[in-house]
Amino acid sequence: MAIRSKIFCETYHEDIKLLNTYWSKAWMGLFIIGLFILPFLGDTYMVYMVNLCCIATVAAVGLNLLTGFTGQISLGHAAFLAIGAYTGTILSEGLNMPFWVTVPAGGLVAAAAGILVGIPCLRLKGLYLAMATMSFGVMVEYVLITLKGVTGGERGMYMPEVDVFGMVLNTDESIYYFLLVITAIMIVAAKNIVRTRVGRAFVAVRDRDIAAEVMGVNLTLYKVMAFALSSFYAGVAGVMYAYVMGHIHPEHFTMLHSVEYLAMIIVGGLGSILGSIFGAIFIVVIPEFIKILAQTIEEAIPAMAGKYDDEWNIAAFGLLIMLFLIFEPGGLNSIWQRLKIGFKNWPFTY
Amino acid sequence: MYFLELLVSGIAVGSLYALIAMGFVLIYKGTGVINFAQGEVIMVAAFIAYYLTKGFGIPFLLAVPITLVATALLGAITERLVIRPMLGEPVFSVVMITIGLSIFLRSMAGIVFGHHNYILPNPFPVEPVHIAGITLSHNHIWSMGVAFCLMVVFFLFFQYSRLGLGMRATANDQDTATLMGVNIKRVYALTWGISFLVAGVAGIFLANVMVLNVGLAFVAISAFPAVILGGLESVPGAIIGGLAIGVIENLAGGYLDQMVGGGIKDVTPFAVLFLVLMIKPYGLFGTKEVERV
Amino acid sequence: MSGKAKFIKTLLMTGLLVLLTACLAMAGGRGVTDKEITLGMVLVKTGPVAALGIPQGDGMIDYMNYINEKGGINGRQIKVIWEDDGFQAPKSVAAVKKLVARDNVLTIMTTGGTNQTIANMKNISRYKIANIPNAMALEFFEPLHPYIFALGALYEWQYQVIVDYINDDLKMKDKRIGVVYTKKEYGKKGLDAIKKRAAKYNIPVVAELVLPTGAVDASSQVLALQQAGANIVITCDVLPPIISFLKTAEKYNYWPQVFGFNWATDDLLVKACGPAAKNYIGAGFVGGWADDSPGIKLVREIAAKYDRKPKLTSLYIGGVGVSMLFAEAIKRAGKNLTPDTLKAALETLRDYDTGGIFPLVTYTTKSHAPAKKVKLYKADVEKKCLVPLTDWRSPKDM
Numbered sequence: 298m299a300i301r302s303k304i305f306c307e308t309y310h311e312d313i314k315l316l317n318t319y320w321s322k323a324w325m326g327l328f329i330i331g332l333f334i335l336p337f338l339g340d341t342y343m344v345y346m347v348n349l350c351c352i353a354t355v356a357a358v359g360l361n362l363l364t365g366f367t368g369q370i371s372l373g374h375a376a377f378l379a380i381g382a383y384t385g386t387i388l389s390e391g392l393n394m395p396f397w398v399t400v401p402a403g404g405l406v407a408a409a410a411g412i413l414v415g416i417p418c419l420r421l422k423g424l425y426l427a428m429a430t431m432s433f434g435v436m437v438e439y440v441l442i443t444l445k446g447v448t449g450g451e452r453g454m455y456m457p458e459v460d461v462f463g464m465v466l467n468t469d470e471s472i473y474y475f476l477l478v479i480t481a482i483m484i485v486a487a488k489n490i491v492r493t494r495v496g497r498a499f500v501a502v503r504d505r506d507i508a509a510e511v512m513g514v515n516l517t518l519y520k521v522m523a524f525a526l527s528s529f530y531a532g533v534a535g536v537m538y539a540y541v542m543g544h545i546h547p548e549h550f551t552m553l554h555s556v557e558y559l560a561m562i563i564v565g566g567l568g569s570i571l572g573s574i575f576g577a578i579f580i581v582v583i584p585e586f587i588k589i590l591a592q593t594i595e596e597a598i599p600a601m602a603g604k605y606d607d608e609w610n611i612a613a614f615g616l617l618i619m620l621f622l623i624f625e626p627g628g629l630n631s632i633w634q635r636l637k638i639g640f641k642n643w644p645f646t647y
Numbered sequence: 010m011y012f013l014e015l016l017v018s019g020i021a022v023g024s025l026y027a028l029i030a031m032g033f034v035l036i037y038k039g040t041g042v043i044n045f046a047q048g049e050v051i052m053v054a055a056f057i058a059y060y061l062t063k064g065f066g067i068p069f070l071l072a073v074p075i076t077l078v079a080t081a082l083l084g085a086i087t088e089r090l091v092i093r094p095m096l097g098e099p100v101f102s103v104v105m106i107t108i109g110l111s112i113f114l115r116s117m118a119g120i121v122f123g124h125h126n127y128i129l130p131n132p133f134p135v136e137p138v139h140i141a142g143i144t145l146s147h148n149h150i151w152s153m154g155v156a157f158c159l160m161v162v163f164f165l166f167f168q169y170s171r172l173g174l175g176m177r178a179t180a181n182d183q184d185t186a187t188l189m190g191v192n193i194k195r196v197y198a199l200t201w202g203i204s205f206l207v208a209g210v211a212g213i214f215l216a217n218v219m220v221l222n223v224g225l226a227f228v229a230i231s232a233f234p235a236v237i238l239g240g241l242e243s244v245p246g247a248i249i250g251g252l253a254i255g256v257i258e259n260l261a262g263g264y265l266d267q268m269v270g271g272g273i274k275d276v277t278p279f280a281v282l283f284l285v286l287m288i289k290p291y292g293l294f295g296t297k298e299v300e301r302v
Numbered sequence: 108m109s110g111k112a113k114f115i116k117t118l119l120m121t122g123l124l125v126l127l128t129a130c131l132a133m134a135g136g137r138g139v140t141d142k143e144i145t146l147g148m149v150l151v152k153t154g155p156v157a158a159l160g161i162p163q164g165d166g167m168i169d170y171m172n173y174i175n176e177k178g179g180i181n182g183r184q185i186k187v188i189w190e191d192d193g194f195q196a197p198k199s200v201a202a203v204k205k206l207v208a209r210d211n212v213l214t215i216m217t218t219g220g221t222n223q224t225i226a227n228m229k230n231i232s233r234y235k236i237a238n239i240p241n242a243m244a245l246e247f248f249e250p251l252h253p254y255i256f257a258l259g260a261l262y263e264w265q266y267q268v269i270v271d272y273i274n275d276d277l278k279m280k281d282k283r284i285g286v287v288y289t290k291k292e293y294g295k296k297g298l299d300a301i302k303k304r305a306a307k308y309n310i311p312v313v314a315e316l317v318l319p320t321g322a323v324d325a326s327s328q329v330l331a332l333q334q335a336g337a338n339i340v341i342t343c344d345v346l347p348p349i350i351s352f353l354k355t356a357e358k359y360n361y362w363p364q365v366f367g368f369n370w371a372t373d374d375l376l377v378k379a380c381g382p383a384a385k386n387y388i389g390a391g392f393v394g395g396w397a398d399d400s401p402g403i404k405l406v407r408e409i410a411a412k413y414d415r416k417p418k419l420t421s422l423y424i425g426g427v428g429v430s431m432l433f434a435e436a437i438k439r440a441g442k443n444l445t446p447d448t449l450k451a452a453l454e455t456l457r458d459y460d461t462g463g464i465f466p467l468v469t470y471t472t473k474s475h476a477p478a479k480k481v482k483l484y485k486a487d488v489e490k491k492c493l494v495p496l497t498d499w500r501s502p503k504d505m
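Residue numbers (the numbering used here), protein chains in the order written: chain A, 298 to 647; chain B, 10 to 302; chain C, 108 to 505.
In isolation and in its complexed conformation, chain A is listed as follows (with noise of 0.2 Å):
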């Protein structure tokens, strides 16, 4: 057998597979592998941050399926993850509903809410759009704290513990398996959208959308479709999130959060779905590496003991963003990439 050196591909439908190499099949198996045995490897804290991560890794592929592919930039995200949060936790908690209700609910009711605002904010572009999502965004918070019969108001709201068909998910533990399977089916799910006919107009829409629209793409409807499908990701996120905390609360949903998200899909990568799973893990953990470099050096140069403040973790956090978008605007898909042609190519890098 001769050896492979490139891929080739001989039919589209070959280009567009997931996983094209056998190589790609084996890594993906032991990255499985390597997750359902995470929590043997980390104690409770870590496992609690892998399941923000989890949250994070749904609610930023939702937003990048709207800002990165069709280019309607969002400040609002929050506020989506805030509806399908309390979706889920009234159906829940009022209705003793299961997750499988719970969870397709409070992204559908999201979807719902997105379509609401997308079919207004057609006519609207860049900034403006980002304005009145972020808009969006206030009335939401507002909402929520006025209507205090429906969502606690101020007290926010408790979400009972999930249960499995009779398995009461109470521990970080056991939640985590949860989340997985669920951020599994919505990153296939998206990767899967994306390399379709509608993942195409998206692309189309936000490269030129006058021009998409003469070769014949309805820029009403997939405008509004993907305001649908980033709110259904972001309410699925919501109802996550309301699992893993137990409790949810007005200022869990906040712009500065809708910030946050943004702030993943543009280090990972904009148009990207890797891209967003990458952003959103930094964004959740690089705030502890920080901390954790501060305290080596600490230990490390007496004379340093002592100074560190928390508050230079969040510079530092600022500074970052700003680093990345100067020295890699493409964010951290586009060094994966590198990365990984770099590998393939190995020894002759060119």
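Errors might be hidden in some of the hints.
Once the Cα atoms are required to be at most 27 Å apart in a straight line, the calculated DSS-like pairs of lysine-lysine come out as [what the hints assert, rightly or not]:
{"#": "1", "chain 1": "C", "residue 1": "K186", "chain 2": "A", "residue 2": "K588"}
{"#": "2", "chain 1": "B", "residue 1": "K289", "chain 2": "A", "residue 2": "K422"}
{"#": "3", "chain 1": "A", "residue 1": "K445", "chain 2": "C", "residue 2": "K491"}
{"#": "4", "chain 1": "B", "residue 1": "K63", "chain 2": "A", "residue 2": "K422"}
{"#": "5", "chain 1": "C", "residue 1": "K295", "chain 2": "A", "residue 2": "K445"}
It is worth saying that the hints were derived from the structure and are not from the lab.
Since the structure of chain A is already known, use the hints to place chains B and C on it.
Frame of chain A; chains B and C shown alone:
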């Protein structure tokens, strides 16, 4: 009478919003970017003024120009370090840079200035002015006056000066502007310097009305509706938007608050903004973008 | 095949390792050795609300250092790990998990504000974290939560005392109350309590207005209050908005009698507002900085020793007080110190005297409720501080 008082105090607050909004508009006009770090600059300027007057005992009238020069310098440095490398990148990435900058500045301010509440010594007479039975503080009168003067200055600047024209050209199309001989780098540095300076002015006025702490930075968020309402690239729009939002907010607070159970004052500007954008997608005075394929 | 076998082997090994470390951790007693006790706390020290967390945290750490210098408790030194949560519930939950799982602390002395503590409630029971939250809420002790010990008088009680004072002691004719509150939990609680209490005394509440925490301007609120003819204004908001409110009221030459609750009862208010604060009366559940009681003297001594100049003195005092309660409980628990014995020791406190920092503290196995005692302070514009107006008072039974 009650209505009139609400109206006037609304205009007074609105003039502060207008000052903040003008900083946003200047950057947008010069570079096509919304600077999310504007609020942080306002806060930093207020802290500089505080330390100059309280810490070094410099008289207020001298402290103001020093503060303004310092903020303008900060603007030029910011531009040189983080904005210039982004020349030619998509607008969206630059906006994100400013978000990073805002996080950075806010926490640096926390480290440098601490997290306490400060009060900027009030340079204006405490006794309010009574005009035809309406009470107004000196601070508000001054901020209205300054906002108006700045509006006139910038209007003339953009309309008639070479540099102003260059700034508009740059915002419109970077590549074409470069080809036409506009020195984009200088335009950028100037834009950021001037805009930060305006933020400095806003900071000095705001810190007199509000309590000075790191949270002052969030005031810029309340000015967003004013910016968009007036249209992102219109200086008079910023003033009118600011005044309109101030008045709307105050009237909502004065009349609706009792009826709807409170908090309506905060959310009304955003609701109004949302509605206006539905009808006029580029704000009241924004220029409609003409698209060609 | 061998690969798979190896994999299973590693899996088993890691499983065993995890079990082993878990067992070791159990055997050693959480966070306690013969020489040292490790305690944690989760309090905000970054972001816009950091001003509230830092003085309290400083007070807690300073007191423990003071104890350490005096030889520690039962021969053990105390180490305190302070985790920041930025006043956000998810970060607070993460911090609690980190302190328990990584730092292996005996307990977490405080888990932050109301939202953060509520989000942590499940973890608090699961990990047996005896704690005194830095907030007041009914669900902390009603129904009894086994590990949460309430800090001070509920917001409702504070406002009841204020309205009692208005009815009984305030010399004023034709009393008309205006309420300025914020859309936070404490604002709503305060408003409801004021309305109920005032109705019982037949004092009209003529205006209810929202003053957001980040308000640029309080003109519309001041004007509306003036319009409604309120001569008493009760505020349910934190310091910065109240400072702007008082300054705006001064501008409009509006001088009602103003009241505030514990988060706005601090010397800073008088320093910041100057003469505008002359009609201010605040409720609090800690002693005043200028008090002559032994507890407050100790607080001033500790602050001088560690070179602290707390801006928000009431919070620093509260911080020292919380540490004092934990130190006492650790002492009472003796050599066999575990989360359970610590909790049991806290429940043995009966009329424990902090020397004027808090009112007498009592926790029992049946109730972790705080003392129903509030002190009113009056602004002294000349001395730029708050001076006690009343002794400890309870809301009257009605």
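Each hint, compared with the structure:
| no. | hint | verdict |
| --- | --- | --- |
| 1 | C:K186 with A:K588 | holds (19 Å) |
| 2 | B:K289 with A:K422 | holds (12 Å) |
| 3 | A:K445 with C:K491 | violated (41 Å) |
| 4 | B:K63 with A:K422 | violated (46 Å) |
| 5 | C:K295 with A:K445 | holds (11 Å) |
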